[in-house]
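Participant: Chain by chain, the residues run as shown.
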Amino acid sequence: MKKELDEEKQNRKFARAGKRKKIAKAVGLSIATLLTAFISVIFLTPIVLTITNSFMSASEMASNYGAIFATTANGGRKFVSELVNLKFLPDMVSFSQYGTVLLRSPEYLLKFWNSMILVVPIMIFQLLVAAIASYGFYRYKGKVRGFIFFAYIILMLMPYQVTLVPNYLVSDWLKILDTYWAIWLPGIFSPFSVYLITKYMNRIPISCIEAAQIDGAGELQIFFRICLPLCKGIIMSTAILVFIDYWNMVEQPLILLTDTEKYPLSVYLSKINSGEVSLAFAVATIYMIPTLLVFLYGEEYLVEGITYQGGVKA
Amino acid sequence: MSDINEGKSQVRPVKKIKTKKSKHTLRAQWGSSLFLIPSVAGVCLFFFMPYLVVIYYSFVDNPISKNFAGFSNYVSVFNNLAFKTAIKNTGVFSAIAVPLAVLFALLLALLLDNKIPFRTQFRTFLLSPMMVPVASIVLIWQVLFDYNGAINSVLGHFGADKIDWLKSDKAIIVIVVLFLWKNIGYNMILFLAALSSVPQDIIEVARLESAGSFKIFFMIKLRYMVSTLVFVTIMSLINSFKIFREIYLLTTDYPYESVYMLQHFMNNKFKSLDYQTLSAAAVMMSLVMVVIIVVLFKAEEHFSKDLDS
Chain H
1 MKKELDEEKQ
11 NRKFARAGKR
21 KKIAKAVGLS
31 IATLLTAFIS
41 VIFLTPIVLT
51 ITNSFMSASE
61 MASNYGAIFA
71 TTANGGRKFV
81 SELVNLKFLP
91 DMVSFSQYGT
101 VLLRSPEYLL
111 KFWNSMILVV
121 PIMIFQLLVA
131 AIASYGFYRY
141 KGKVRGFIFF
151 AYIILMLMPY
161 QVTLVPNYLV
171 SDWLKILDTY
181 WAIWLPGIFS
191 PFSVYLITKY
201 MNRIPISCIE
211 AAQIDGAGEL
221 QIFFRICLPL
231 CKGIIMSTAI
241 LVFIDYWNMV
251 EQPLILLTDT
261 EKYPLSVYLS
271 KINSGEVSLA
281 FAVATIYMIP
291 TLLVFLYGEE
301 YLVEGITYQG
311 GVKA
Chain P
1 MSDINEGKSQ
11 VRPVKKIKTK
21 KSKHTLRAQW
31 GSSLFLIPSV
41 AGVCLFFFMP
51 YLVVIYYSFV
61 DNPISKNFAG
71 FSNYVSVFNN
81 LAFKTAIKNT
91 GVFSAIAVPL
101 AVLFALLLAL
111 LLDNKIPFRT
121 QFRTFLLSPM
131 MVPVASIVLI
141 WQVLFDYNGA
151 INSVLGHFGA
161 DKIDWLKSDK
171 AIIVIVVLFL
181 WKNIGYNMIL
191 FLAALSSVPQ
201 DIIEVARLES
211 AGSFKIFFMI
221 KLRYMVSTLV
231 FVTIMSLINS
241 FKIFREIYLL
251 TTDYPYESVY
261 MLQHFMNNKF
271 KSLDYQTLSA
281 AAVMMSLVMV
291 VIIVVLFKAE
301 EHFSKDLDS
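Heads up: the protein sequence lines correspond to chains H and P, in order.
For the first sequence, counting from 1, position 109 maps to 109 in my numbering; every step adds exactly one.
For the second sequence, counting from 1, position 279 maps to 279 in my numbering; every step adds exactly one.
The hints are all genuine.
Taking lysine-lysine and the BS3-like style, the derived pairs with C-alpha atoms no more than 27 Å apart in a straight line are:
1. P:K88 to P:K167
2. H:K22 to P:K115
3. H:K25 to P:K115
4. H:K21 to P:K221
5. P:K215 to P:K115
6. P:K170 to P:K242
7. P:K305 to P:K215
8. H:K87 to P:K167
9. H:K21 to P:K215
10. H:K175 to P:K66
11. H:K87 to P:K170
12. P:K271 to H:K262
13. P:K215 to H:K13
14. P:K115 to H:K19
15. H:K175 to P:K271
16. P:K115 to H:K21
17. P:K170 to H:K271
18. P:K215 to H:K19
19. P:K162 to H:K87
20. H:K271 to P:K242
21. H:K9 to H:K21
22. P:K167 to P:K84
23. H:K25 to P:K215
24. H:K143 to P:K298
25. P:K305 to P:K221
26. H:K9 to H:K19
27. H:K19 to H:K3
28. P:K221 to H:K25
29. P:K242 to H:K262
30. P:K221 to P:K298
31. P:K66 to P:K271
32. P:K242 to P:K167
33. P:K167 to H:K271
34. P:K305 to H:K141
35. P:K215 to H:K22
36. P:K298 to H:K141
37. P:K221 to H:K22
38. P:K305 to H:K143
39. H:K271 to P:K271
Source of the hints: derived by calculation from the structure; they are not laboratory data.
Can you build the whole structure from these sequences, using the hints too?
Facilitator: As structure tokens, then:
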């Protein structure tokens, strides 16, 4: 009798402990969720603010941010309020900034197209050269392979401070300084895509290739019919990473281009003079749109691409 | 080759088979190496050959008269006050930003590794700064950190004095915040991938043996993540050397002294056409980078071996 009672007590104790554990777990999870949500909000704030502020009219912009940006016609600072008045939402949604940017000041659209003209050829041809070279690295097992690949990795990781010096010299010899070729050509042969695609290709089992060879396929056929289709995903991922990287470029145009008319929007944005600052948010938003679209469309590819970068070994 | 083969006649049959085989593979090798040509040729023309010239320039007094100058360019770079400032600032920045970027990313990855609701959405939000071009958000950074900016306005409510964030020693804080905002998402994705590759059965066993979450993290997960940790640290270090872009966009050509970085130094040398100094600086930097990259390789090798055994 007593034994049974004891057992029951014990069971109840366990049940209570289990319940407590469950509650502790739920509390922990909700704290984790809240914390993540809080950090996410902080991360998103700058992007959201830029977008919402782009819908402010020029006068609202002046009254909110006058303390920072506003200048009078004769160049002096015009202090509207002593401190800025950061607003999440404009008092009145106005598309006037966009109207001005898109219709009345063609120079911004021109710079936007400069960015496009700079980035898209680099993306396409870098991937083309890289896909071919990756197949070479995958199939070629000669002595120099390891050496070349190591050289590629070192080159890939070099900061611009180093690579821009040789780029500048070679552009000078080829007389392509101050033309887009000076940015296109080094971009096309940049080893980043080669590294990423090779890393992926190396996972294709060699038996696949051997089977194709037995069936009489040549190298070209193996490349086009087997390797390229298998690498579709990683090529998309690499394309996205290359696009973000070059869309964001600042150093190359600063050094390789002297004609400011040819500058991409990224550099031009920082040079917007204070009179036009009310337009700046709208221009900044327009500049974000392509990358945000790419992100919404290809986030999974992007994540996969980053994951494949983990670890340098191929 | 022929005199090596002499006196080894007894191994010849074996060798014959080998050469026959290698002849076959040789043709395949030749075919596949053709695929490498476009890329290798481009890399040689645009990076490798001009780099050799850079090395050459670093040893001459100037690119026109081309008199051999020994290490004098290197010495003059080292004695250059601007270069010293740039090295110091870049070092200080990396020393602050890299550990923070790694630590925050690891913590975020651990948060997201829980079964919290809206996981994928949170991941999207945390990754989105990586997608946004820096040029687009510097405006907001200026609104926040200007002398009359929003941060000072908030601090003012608590009775703090106004700080001129971008034009004082505090500028480095602004840049660190921007760097973290931009880079944490990327690091976090790498950590998440590493976390998901930790074998679940080991964690299950540990849990059955009533190990707590902390113990599981430090004794099991961290051990599996060491190579990723090394990789993320070194990638963050390399990214921190590229911080010029953010600073340039925030402050244009004339930043406050505490955020004068190596790229600023290089840009000034480009402008003054001082090729020999530029070359010497580039060669030194590339040597430092090679050392860092070799360390990365060795560390990865070491830690992946550690796991296998």
